[in-house]
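K.L.:
So you can see what is in the structure, the chains are spelled out below.
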Amino acid sequence: MRFLEDLYYIENTLKGDMNAFGLLIQKHEKYAYTLALRIVKNPEEAEEVAQDAFMKVYHSLKTFEKKSKFTTWLYKIIYNEALGRLRKSKRDNVQLEEIPESEEYQVDFLDGLSSLHLEERSQLIRKALDSLKPSESAVLTLFYLEEQTIKEIEEITEFSESHVKILLHRGRKHMLGSLKKISNQELINLL
Amino acid sequence: MRNFELDEKDPLKVWIRESGAESPSSGFQMNILNKLSTQTSSKPYEPVISSFGLKIIGGLLAAFFISVLLFVPASESSLSFWNQLPEFTLPWVNLSLPALFIPKIELGLVFNISVLIFSLMAFCVAILATRKWRYQ
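As they're listed, the protein sequences go chains P and F.
Numbered per our numbering, the first sequence spans residues 1 to 191.
Numbered per our numbering, the second sequence spans residues 1001 to 1136.
Any given hint could turn out to be false.
[What the hints assert, rightly or not] Below, simulated BS3-like cross-link-like pairs (lysine-lysine); rule was C-alpha separation at most 27 Å, straight line:
{"hint": "1", "chain 1": "F", "residue 1": "LYS1013", "chain 2": "P", "residue 2": "LYS165"}
{"hint": "2", "chain 1": "F", "residue 1": "LYS1013", "chain 2": "P", "residue 2": "LYS181"}
{"hint": "3", "chain 1": "F", "residue 1": "LYS1035", "chain 2": "P", "residue 2": "LYS41"}
{"hint": "4", "chain 1": "F", "residue 1": "LYS1035", "chain 2": "P", "residue 2": "LYS30"}
None of these hints come from the bench; they were simulated from the model.
Could you build all of it, start to finish, from the sequences and the hints given here?
P.N.:
Following this line, the structure appears as structure tokens:
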């Protein structure tokens, strides 16, 4: 389905057109849900977070100033909602032990991953993202998948530029470490 | 630290993008719209006792306390405010009314107070029931 600009749906929603808001949800539901899932790590909770965030969006749509992109505003709401949910459930972050980065080994490992089928690789990537700390997987998802700039991620997370860059760096490092672990495990399971 | 902005061929970036976004359940959009429609159709919260009712209750309480302060004598020997008021007599009006006999029921103080409390409670219940019925 081909969607129109966000502003068109926003203006119509503000005029009382619920169908327009439905289309706005449909346009962003996947990315909104994915971001929530990367933070809360649970599909049911992620769906609740995304739904609550869309409800908040609806109720505060009048206050959206249009200075930033709608997606940045939406992701900020989802990010805060998901963090709130995490605090409520008091679930500890998934801790990943520090894995020393070996560039030499990494090249072979990355080549090995490249040779995998798309579906297998995607599964491994999702598993690796799930094993990261919520802040790291959120920043990686926002930067790589949702194509938000560092400046926009700063606005969403309220972290400083250097903190966002550190999280991206650490997130990459941890993800590669996690990918190595997971792919080794998969290999052991196959043997 | 690497330059994240320029690294377009970064394999991690490519793989995260190709793994794509995950889909919520099929009823995701409808759930939100249903929740919103039930929220908009429900009436906004209203307190059980209105501000006018609260004012009346406050006024009655204030009147009660003021009257207690006025009528309580300062000491055991002094007179109460009521007794200090100048005496006056109303002119007697002689009316010839038919002689009616109202049976005099002498009930105890406890009984009278409980009847009064029950009637007040019944009054409150009647008001609440009326309000509830009006909102249904």
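K.L.:
Which of the numbered hints above does this structure break?
P.N.:
none
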